[in-house]
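Asks: Letter by letter, the chains look like this.
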Amino acid sequence: MKKVLVILLLAVVGFYISETFFDIGFGNSHFVNNEVIKPVKDTYLQQTVQELKVANTVTSIVVNFRGFDTLGEVTVLFLSVTALGSILYKRRHHVGDRSVLFSASSIVTAGSKLLFPAIVLLGTYVFIHGHLSPGGGFQGGVIIATGFLLMLLAYENYSVSHTNLAIVESLAGVTFAGVGLLGFVYGEQGTFLENFLPSGVLNDLFSGGVIPIIYIAVGFKVAAELTGVIYTVLNEKGEQNG
Amino acid sequence: MDSTYFQYLDYAIYGSAVLVILIGLYAALVKKSLLKIVLGLSIMEAGVNLLFVALGYLKGGTAPIFSDGYDPSQVMVDPVPQALVLTAIVIGFGVTAVALSLVIRLWRHHHTLYIDEIKNLKW
Amino acid sequence: MVGTPVLFIAIPLLAAFLIPLFGMVWKESVRIVPGLVLTYLLILAVNLLNYVTVNGPIVETIAGWAPPFGINLVFNAFSGFLVTLMVFMGLMVWLYSYRFKSNVEYEPARKYFLLLMMLVTGSVGIVLTGDIFNMFVFIEIVGISGYALTAFYTGRDSAEASFKYLMMGSIASVLLLLAIMIIYSQLGTLNMADIASKMHLMDPKYKIASFILFVVALGIEAEIFPLNGWAPDAYSEAPGPVGAAFSGIVVKGAVYALIRFTYTIFDLSGSFHLILIIGLITLVVAEVAAIRQEKLKRMLAFSSIGQMGLVLVAFGIGTKEGVFAALFIMLNHAIIKPLLFFTGSYLVYHSKKKKISDLDGIGKLAPFTSVLFALGAFAIVGLPPFAGFWGKLSFLVAAANSDMILIIALILVVSVIEIVYYMRVVNRIFFFKRSSSLLARRPTPNAYIVMTVLGLAILLIGFYPDSVFGYLHNAANSLFDKSQYIHSVLTATIQ
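Chains as they are written, first to last, in the numbering used here: chain Y, 1 to 242; chain R, 1 to 123; chain V, 1 to 495.
Calculated directly from the structure, the hints in this document are not laboratory data.
Just to be clear, a hint being listed does not mean it is correct.
Claimed, not checked - Under the rule of at most 27 Å between Cα atoms (straight-line distance), these lysine-lysine pairs were calculated in the DSS-like manner:
(1) R:K36 x V:K164
(2) Y:K38 x V:K482
(3) V:K198 x R:K59
(4) Y:K90 x R:K36
(5) V:K295 x V:K198
(6) V:K164 x Y:K2
(7) V:K352 x V:K433
(8) V:K164 x V:K352
(9) R:K59 x Y:K38
(10) V:K205 x Y:K38
(11) R:K32 x Y:K3
(12) V:K364 x V:K353
(13) V:K352 x V:K295
(14) Y:K90 x V:K353
(15) V:K164 x Y:K90
(16) Y:K90 x V:K352
(17) V:K205 x V:K433
(18) V:K352 x V:K364
(19) R:K59 x Y:K2
(20) Y:K3 x V:K207
(21) Y:K3 x R:K36
(22) V:K353 x V:K164
(23) V:K295 x V:K353
(24) Y:K38 x V:K198
(25) V:K364 x V:K295
(26) R:K59 x V:K205
(27) V:K433 x V:K295
(28) V:K164 x Y:K38
(29) V:K364 x R:K59
(30) R:K36 x Y:K2
(31) V:K27 x Y:K90
(32) V:K205 x R:K32
(33) V:K164 x R:K31
(34) Y:K113 x R:K59
(35) R:K59 x Y:K3
Just chain Y, with the same shape it has in the complex (with noise of 0.2 Å):
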């Protein structure tokens, strides 16, 4: 009967969305009037190459644009890994306790061993590249967690410290913020995450300013707390496994 009920709810929304979205149309470009209605995206486009000399558009909205939105994605993450902490948090908390079903063939930990430093490596390339190509801090961040989650399921007793982890994301926090903390001081009108560093030439490594700074913190922020979430989840021993 719930059963039911769901699906015809289901059905009368879904109806009603798709009818909405199907009216708006896939791949038209949508504003009425682009005179009128002035779309911000015309703006941001035109601004990266000439104010901000950054390639990639996605990075210069994510960063400079809408740098607040990032701050508070990153205040995010910091939170969920403090709540995962908060809520299996257990009072004796004994130090290599893994709950491993069955451990790993010598395949995997053979080439675990060998991809670790190249994922490592594609990782740091993606987000100090952010600004000029596909990627970025949070891309990057996530593939460097995916090598420590490798090397973590191929062997039994790695083991990577939680102090660090916790010292770095906290460092890389600091960073974000008080880069924007120092856009009061240095940048030209005065506000919080201004760009006060030189643009420097389009498509250099150096260019764009204090935007790879803050995305190659936010790299190393995400890399940290995907790896600690990873970690923390790893070290859950039941009680019915020897």
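Here the structure of chain Y is known, so what remains is to put chains R and V in place on it, guided by the hints.
Replies: Just chains R and V, lined up with the frame of chain Y:
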């Protein structure tokens, strides 16, 4: 021929994204195992992100990156939904992590994952 | 000027990132640093509020891009008033929870204070921001802090209550994203003032669709009926001070968002009536449910939901007096309900099931706490000369001015219901015989200070309401003046 195919594409892309959202919502509301409920929430968020990115597409558009030797006459797709979805994906990940930790805690306490047996509070 | 509005967000974030580092050096700092941050924010808020009362709204641009290309924060009389209220209550909650339970160790304590600080920061962010996607991000910040704080105690059913909260919160986020999508696809911008100025260009069917999605999404957070299933469980399973924070801070932020969308951004003709009806249904259902509750905190939670319904009815009337009354009721609720949660927590401290029947005769054992609880109960039902009386009176005046006689009758009936269930508790506390095994917990000195301050605030507003009339009138005027909001944001130069 181009326009009719594009019409089908219209329905297909938006329709499948909405279908993913509905599947996730159905799983979150109806299923009895906690893990399936969390999976349903995660699928629902994935569907919303897909819908959002699909909204930014422009016909014949290319990626909004100004690498060396780009064609100035080429139309670029809307970069704003991509930036917003980046934020939304990370936030969805954070919420899923918290949800899974709650599932672990409930399992520790009750040793079962079925909400029928856990229902201490009135659902 | 002591600072700018962005410091409301930047300083707590900086402190949140630094707390793990400080904690490695000096353990007590994790309890103290949030308190210092909240004190500074209170000073900043009062300072800025006095500034905008004289000089007009402050619009702060971020990253050096003028709106609508950049994100902006708006601190005008209305948002400033709410921000001051939230920060003040946040400081009270911090002071109260300092050493609330003596057996909480360093690790959980560090996380608790951090999450509490971020709960307040997120709510302040919801009120200050001028951009709809930014508001979504802050709602998520408040959400995650709320989920973690609800599940703080390990013993009871807190994980289940937190899971329910999480599920409803996730659905709310999805609906909010769908609504933002529809608006962006039509108007190409995410800035509130820009959307408000271009709203007449949008097709009505898209307006209705996104408005409904917004109301449902924000309604889940603001606990309107029938979307408030998660709220009573979350309030009763969370620690006492956290319940106070939810009812005094978080709900205000969600109601602010709902009202900002209805009054400033959307220009639909039926939106006020919709808010009125939603508020009315919420009020009636919550108050009727409150009578049947046996646990103290659940009763307080339902009463809180009912009060928010009353606030929505007042906003839905649509006149300036209605807004004034709604703000007055919000102010009263933000001060009185936490006082009830604070005193109630100490009264049921030693009872296992936290039932009202365990409170028989506790008035003789804990006279100070019980008297303050009674003060809060009298104030919230609207007895003169306490604070709640003036709020309800201004509401009745506003309703009478709009010829809504039916609503006045309904409110009076609901007030009678409120009196019944509150006086029942007060009766039990003072006039019933107590059982011999009754224990009362002696509050810590800082808890005494907090409860006294709130009690004095209630008496001050009750005997001398003119002290807050000025701020409330300014706030009501600034909400009502839609064109001034749009103008002040879109012509903001970068200072």
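Asks: I'd like to know which numbered hints this structure contradicts. Please list them from smallest to largest.
Replies: 5, 17, 19, 20, 28, 29, 32, 34, 35
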